Amino acid sequence: MEDFEKAVRPVGFFPNLWLILWRVLIAVVVPAVSFFVMYVGFRFLRESAAPAAVIAVVAVIWGVGGVALLYFATNWVITQLGPAWRRRLQPFLFVGPAMVILGWYLVIPTLRSLFLSFFGPATKKFVGLANYVYVFSDRVMLTSFRNNLLWLVLGTGLSVLLGLIVALLAERSHLEKLSKALIFLPLAISFIGAGVIWKYVYAYKPLGESQIGILNAIVTAFGGQPVGWLTVRPWNTLFLIVILVWMQTGFAMVVLSAALRGVPKSIKEAGRIDGATEFRVILSIIIPYVRGTIITVSTTILIITLKIWDIVYSMTSGLYGTEVLASQQYKQMFKFLNYGRGSAIAIILVVAVIPVMWYNLKTFMQQEVF
Amino acid sequence: MAAKEEKENKSVAVTIILLVLCLIWSLPTIGLLITSFRSRDDVNRTGWWTVVREANFTTDNYKQVLAGKNYTYVDAQGNTVTARTENLVRAFLNSVTVTIPAVVIPILIAAFAAYGFAWVDFPGRKIFFTIVVALLVVPLQIALIPILRDYMKLKLTGTFLAIWLAHTGFGLPLAIYLLFNYVSTIPRSILESAFIDGYTHFWIFIYLILPLSVPALASFAIFQFVWVWNDLLVAMVFLGTKQEVAVLTQRLLNMIGTRGQDWHLLTAGAFVSIVLPLIIFFALQRFFVRGLLAGSVKG
Chain A
0 MEDFEKAVRP VGFFPNLWLI LWRVLIAVVV PAVSFFVMYV GFRFLRESAA PAAVIAVVAV
60 IWGVGGVALL YFATNWVITQ LGPAWRRRLQ PFLFVGPAMV ILGWYLVIPT LRSLFLSFFG
120 PATKKFVGLA NYVYVFSDRV MLTSFRNNLL WLVLGTGLSV LLGLIVALLA ERSHLEKLSK
180 ALIFLPLAIS FIGAGVIWKY VYAYKPLGES QIGILNAIVT AFGGQPVGWL TVRPWNTLFL
240 IVILVWMQTG FAMVVLSAAL RGVPKSIKEA GRIDGATEFR VILSIIIPYV RGTIITVSTT
300 ILIITLKIWD IVYSMTSGLY GTEVLASQQY KQMFKFLNYG RGSAIAIILV VAVIPVMWYN
360 LKTFMQQEVF
Chain B
50 MAAKEEKENK SVAVTIILLV LCLIWSLPTI GLLITSFRSR DDVNRTGWWT VVREANFTTD
110 NYKQVLAGKN YTYVDAQGNT VTARTENLVR AFLNSVTVTI PAVVIPILIA AFAAYGFAWV
170 DFPGRKIFFT IVVALLVVPL QIALIPILRD YMKLKLTGTF LAIWLAHTGF GLPLAIYLLF
230 NYVSTIPRSI LESAFIDGYT HFWIFIYLIL PLSVPALASF AIFQFVWVWN DLLVAMVFLG
290 TKQEVAVLTQ RLLNMIGTRG QDWHLLTAGA FVSIVLPLII FFALQRFFVR GLLAGSVKG
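Residue numbers (the working numbering), protein chains in the order written: chain A, 0 to 369; chain B, 50 to 348.
No lab work stands behind these hints: they were computed from the structure.
Small disclaimer: the values here were computed from a predicted structure and weren't measured.
A virtual CB, placed ideally from N, CA and C, is assigned to each residue, including glycine.
Any given hint could be a false lead.
Claimed, not checked - Result set (DSS-like, lysine-lysine): computed pairs, CA atoms no more than 27 angstroms apart in a straight line: (1) A:Lys330 <-> A:Lys267; (2) A:Lys334 <-> B:Lys112; (3) B:Lys291 <-> B:Lys202; (4) A:Lys330 <-> B:Lys175; (5) B:Lys204 <-> A:Lys123; (6) B:Lys202 <-> A:Lys123; (7) B:Lys202 <-> A:Lys124; (8) A:Lys124 <-> A:Lys267; (9) B:Lys202 <-> A:Lys330; (10) A:Lys330 <-> A:Lys123; (11) A:Lys123 <-> A:Lys334; (12) A:Lys361 <-> B:Lys175; (13) B:Lys59 <-> A:Lys267; (14) A:Lys124 <-> B:Lys175; (15) B:Lys59 <-> A:Lys334; (16) A:Lys334 <-> B:Lys202; (17) B:Lys112 <-> B:Lys291; (18) A:Lys330 <-> A:Lys264; (19) A:Lys176 <-> B:Lys59; (20) B:Lys59 <-> A:Lys264; (21) B:Lys204 <-> B:Lys291; (22) A:Lys330 <-> B:Lys291.
What the hints assert, rightly or not - Label pairs and their calculated CB-CB ranges: (23) B:Leu68 <-> A:Arg145: 36 to 42 angstroms; (24) B:Pro172 <-> A:Leu318: 52 to 58 angstroms; (25) B:Val100 <-> A:Ala275: 26 to 32 angstroms; (26) A:Val56 <-> B:Ala125: 36 to 42 angstroms; (27) A:Gly291 <-> B:Arg237: 25 to 31 angstroms; (28) A:Val56 <-> B:Gly173: 53 to 59 angstroms; (29) A:Ser316 <-> B:Trp252: 51 to 57 angstroms; (30) B:Ile235 <-> A:Val132: 49 to 55 angstroms; (31) A:Leu206 <-> B:Val101: 21 to 27 angstroms; (32) B:Lys204 <-> A:Val126: 41 to 47 angstroms; (33) A:Leu110 <-> B:Pro172: 22 to 28 angstroms; (34) A:Asp137 <-> B:Ile235: 38 to 44 angstroms.
Let the hints inform the model, and build the full structure from the sequences given.
Right, here's the structure in full:
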């Protein structure tokens, strides 16, 4: 890349004073005008009482157009500054905004949360490790840890396993497209929407009344007692995990079935000719071949599961022993206004993903992308 | 990937097993769809599967959810007042207002960054990109408290800008990673000829790279769209409880909370919220997989 840039060298090393002034003026005025335009739009959006539809249109144009405007304005300024400066500044036009936002929203917050986690509720008093002691000794918190572990292991495991099974079955069935679409559909539904759907499945009415939940209708039809699915500990967490599996299986299936299509037919045939059963071919040839994709999918679902909160919040509000770490953090932040404890929980979540991060980095280094 | 798509042998037994599985998978959604067309009394009295015996459908739930319902009450002065209940149209528009920029802004910023990492040489390139890879798995909860404190100081809480930026920040690592995998595979010769023609990086990016990257951009767009549209946590924290800016998921949660007995409305509301992501999903499904696999297949 360097060679092409060198073709356009700076013309003179002593540009006259006017040129310098002109460049300084542009470097100040263009960004200032851009920011002013952005600010006017922002004030309008914050204070305007216009109809919702008008606000929606203005907001979308302002937000999307504003970002594009900032890029174009910056590029124009850099171009005016001459080739030498352009070469120095151009990389930052490309990666600068991303680095600033990542720094503000992810890198620095990690350090700030770590700092906050050693302080009391309003960040005034240093409390040392007290928040961590609380997190690891409080009974509700311990229940949350147990539940979160269940969510991570069962939620991720079952989603990937079922996704793989469906992908394998679909390949060998007459209804590949239709079945994939049906299994995939729940992925488009929000956790809250899924909560509404499953509230019906798990609905409970006392014995003798007509059951409106399909599960209890089945149970009573076979002469059983209706079950309060969402209130029986400790099984209720499992019933909530079913909802996640119902949603994420589609994701695992779609990605895995694309990977399955990449398995060369020749190595499958080789196994079959050697007399291996179809089950054996799948276990010893196909699954090892798509191992990389299985890991990618598991990681993605794992991360989604760490954020899981909506399902618990909408189904049980975290009652009946269904608390998870994310719902505990939300409660500490907004109910008890205890930023110290909330931050401590967040830090524990980050520590929990460090092995995954380490694995990702290791794989990335091996690829030698640069 | 195999040059020609090689099909497996089809089996009837497998098809039947799969059909049963699909039926189980679809049952909850079918139940919701049917319930959303039943009247309040029916919903609370009998299960939705009884419609096979007595079909009794109404569109009242959707009318009420979309348009609100007139009701009258007597105020403190003894006057009879007619008012209209809230509807989901405002929340739907808010969701659109939140989602579109929260999808486009990270795509734009990430595309610039991906090009920068792939084709522009600068000191610290490798270190910065390694940081991006590390950030891929950092849970967004880590940022909630610090960013909320920043927003309170900047008076940004409850504004659309606040939530766009938050979603941009949380979506960027994945966006940069996916787009980098795609952009870095574009043949070098294409870029070189553009350089010889005298274009700078900026215009090469605008005229050449962006149009070439459409499949990867679309793949991330779907991912981010579904993520933002269905998000509740980020909206609850940064938009707060202001009704004027509340998005669909927040309103649905309110309905679960305040009208536990109005389930018939909840079902219609849930369906309103599902429609848009479903359309986008099935329209762009093939991009979804292609863009996601750009990373894992390469290696």
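Going down the list of hints, with the structure as the test:
1. A:Lys330 <-> A:Lys267: 52 angstroms, violated
2. A:Lys334 <-> B:Lys112: Since the Cα atoms of Lys334 (chain A) and Lys112 (chain B) sit roughly 35 angstroms apart, the hinted pair is violated (cutoff 27 angstroms).
3. B:Lys291 <-> B:Lys202: Measuring from Cα to Cα gives roughly 18 angstroms; hence the hint holds.
4. A:Lys330 <-> B:Lys175: Answer violated: Lys330 (chain A) to Lys175 (chain B) is near 39 angstroms, above 27 angstroms.
5. B:Lys204 <-> A:Lys123: Cα-Cα ~22 angstroms, so holds.
6. B:Lys202 <-> A:Lys123: 17 angstroms, holds
7. B:Lys202 <-> A:Lys124: 21 angstroms, holds
8. A:Lys124 <-> A:Lys267: 65 angstroms, violated
9. B:Lys202 <-> A:Lys330: 22 angstroms, holds
10. A:Lys330 <-> A:Lys123: Holds: Lys330 (chain A) and Lys123 (chain A) sit about 20 angstroms apart, inside 27 angstroms.
11. A:Lys123 <-> A:Lys334: With Cα atoms ~19 angstroms apart, Lys123 (chain A) and Lys334 (chain A) stay inside 27 angstroms; holds.
12. A:Lys361 <-> B:Lys175: 14 angstroms, holds
13. B:Lys59 <-> A:Lys267: 15 angstroms, holds
14. A:Lys124 <-> B:Lys175: 40 angstroms, violated
15. B:Lys59 <-> A:Lys334: Roughly 56 angstroms separates the two Cα atoms, so the pair is violated.
16. A:Lys334 <-> B:Lys202: The given pair, whose Cα atoms are some 21 angstroms apart, holds under the 27 angstroms limit.
17. B:Lys112 <-> B:Lys291: Holds: Lys112 (chain B) and Lys291 (chain B) sit about 24 angstroms apart, inside 27 angstroms.
18. A:Lys330 <-> A:Lys264: At roughly 53 angstroms apart (the allowed maximum being 27 angstroms), Lys264 (chain A) and Lys330 (chain A) break the hint.
19. A:Lys176 <-> B:Lys59: At roughly 13 angstroms apart (the allowed maximum being 27 angstroms), Lys59 (chain B) and Lys176 (chain A) satisfy the hint.
20. B:Lys59 <-> A:Lys264: Within the cut-off at roughly 15 angstroms; holds.
21. B:Lys204 <-> B:Lys291: Judged against 27 angstroms, a Cα distance of about 14 angstroms means the pair holds.
22. A:Lys330 <-> B:Lys291: It holds: about 19 angstroms lies between the C-alpha atoms, which stays within 27 angstroms.
23. B:Leu68 <-> A:Arg145: 36 to 42 angstroms: This hint holds: roughly 37 angstroms between Cβ atoms.
24. B:Pro172 <-> A:Leu318: 52 to 58 angstroms: 54 angstroms, holds
25. B:Val100 <-> A:Ala275: 26 to 32 angstroms: With Cβ atoms ~49 angstroms apart, the hint is violated.
26. A:Val56 <-> B:Ala125: 36 to 42 angstroms: Holds, since Val56 (chain A) and Ala125 (chain B) (Cβ atoms, about 39 angstroms apart) stay within the stated range.
27. A:Gly291 <-> B:Arg237: 25 to 31 angstroms: 26 angstroms, holds
28. A:Val56 <-> B:Gly173: 53 to 59 angstroms: 40 angstroms, violated
29. A:Ser316 <-> B:Trp252: 51 to 57 angstroms: Because 54 angstroms falls inside the window, the suggested range holds.
30. B:Ile235 <-> A:Val132: 49 to 55 angstroms: 53 angstroms, holds
31. A:Leu206 <-> B:Val101: 21 to 27 angstroms: At roughly 24 angstroms between Cβ atoms, Val101 (chain B) and Leu206 (chain A) fall inside 21 to 27 angstroms, so the hint holds.
32. B:Lys204 <-> A:Val126: 41 to 47 angstroms: 29 angstroms, violated
33. A:Leu110 <-> B:Pro172: 22 to 28 angstroms: 24 angstroms, holds
34. A:Asp137 <-> B:Ile235: 38 to 44 angstroms: Given about 53 angstroms between the Cβ atoms, the range is violated.
The structure fails hints 1, 2, 4, 8, 14, 15, 18, 25, 28, 32 and 34 (numbered hints given earlier, in ascending order).
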